[in-house]
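*Asks:* Next come the chains, spelled out residue by residue.
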Amino acid sequence: MEKLRYKFETKNPIKNPVHIGVVASGDLEVIFRPTDSDETVVSIVTGSDGFKEVWQNVLDRFFARYPIQANIEINDFGSTPGVVNLRLTQAMEALKDEK
Amino acid sequence: MERIELLPHNLVKIYPEEFFSDEKKPKWVVDSLTKVPLVIIRRGNIIDGKVPVGVRGVKREQRFAGYIFTKDVVSESIITPYSLIYDTWDLLSKSRRELPAINALPKIVSIMKAYKWGIGGSVGFELASRQATAKNSSDLDLILYEKNHLSREEASLLLKRLNQFGVHADLQVVHGQKGFSLEEFVNNTSETILVKTANGPKLSRDPWTEIEKD
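Those protein sequences? They're chains D and P, same order as listed. Straight run, no breaks: the first sequence in our numbering ends on number 167. Straight run, no breaks: the second sequence in our numbering ends on number 1122.
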């Protein structure tokens, strides 16, 4: 098990929390919470060690596209980058639905 | 060899040397296969006769991806999750049967009798191999072979009934290579559901119809 932490400079604060995904092997859950901070902190707990750079790449791409300001918690159970991308996409959909 | 049996979640008994990988095999992989020569078919296409499979180790995070050749597989060597639902736990020792995920099985059987279903994950692997694999904290991974579409209410009720035995039961609805989580279908907060396919995951507004598509 590995705990990872990333920070991003962002500018679009979210207003409501979002919870996406499932606790199951090969999957992950993603929780977005509103934050008072002026940056986004992503805290990841993952069962698969040694993927620090892969996570960095996935998150870099995501925040380049959607610079949302939030407190983000990810609990990963051995998902692939493809699954991670779709879960983040779903979280963005859920944010839009609430507006 | 019927190709239809080479589906995700099925287990295959092999000779250890039949398993190969693009990467160097760690020692635990060689040791695991020597002790229990059993691999799990991974989701993915069979290309050039190579079936994507995985090796499971003693530790939860020990998974290793590789392949076996279709020519090495005979139907007698395939163990499906569906074949494990008939009291296979009676073959385990008393202490193993006391694990929450295994202890729940006799009750799960009566709840699931209206469905075609199976047992996957660490519990399925343990039932098939009789090697201690499940942990005290293991989830119970169940497979629902999709025939009828369930409404959100039916699905919610089914999950509630399955989750009253002190173990988290997760039901994956499958059709051929495709599958989705019933828990996600019930609790979903976005308009889409993640459907896993041989060509990678995709989002769908109607997962029941999506998994039936070729």
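FYI, nobody ran anything at the bench for these hints, they're computed from the structure. C-beta atoms are modelled at their ideal positions from N, C-alpha and C, and glycine is treated no differently. Careful, some of the hints might be misleading.
[What the hints assert, rightly or not] Derived DEER-like restraints, expressed as beta-carbon distance ranges: (1) P:R1060 / D:V126: 44 to 52 Å; (2) P:K932 / D:K75: 48 to 56 Å; (3) P:D980 / D:P85: 19 to 27 Å; (4) P:V938 / D:P85: 41 to 49 Å; (5) D:R129 / P:E1062: 35 to 43 Å; (6) P:R1005 / D:P149: 34 to 42 Å; (7) D:P85 / P:Y994: 39 to 47 Å; (8) D:V126 / P:I954: 38 to 46 Å.
*Asks:* All the hints need checking, so say for each whether the structure fits it.
*Replies:* Consistency of the hints with the structure:
Remark: the range hint 44 to 52 Å for R1060 (chain P) to V126 (chain D) is contradicted by a beta-carbon distance near 31 Å. The hint said 48 to 56 Å for the Cβ distance between K932 (chain P) and K75 (chain D), and at roughly 35 Å that hint is violated. For the hinted restraint 19 to 27 Å between D980 (chain P) and P85 (chain D), the CB-CB distance of approximately 50 Å leaves it violated. A C-beta distance of roughly 46 Å is found between V938 (chain P) and P85 (chain D), which places it inside the suggested range of 41 to 49 Å.
Taken as a hint, the range 35 to 43 Å holds for the pair R129 (chain D) and E1062 (chain P), whose Cβ atoms sit roughly 39 Å apart. About 38 Å separates the C-beta atoms of R1005 (chain P) and P149 (chain D), a value consistent with the hinted range of 34 to 42 Å. The beta-carbon spacing between P85 (chain D) and Y994 (chain P), approximately 44 Å, falls within the hinted interval of 39 to 47 Å. Range check, V126 (chain D) to I954 (chain P): about 28 Å between beta-carbon atoms, so the 38 to 46 Å window is missed.
Going through the hint list in order, the structure does not satisfy hints 1, 2, 3 and 8.
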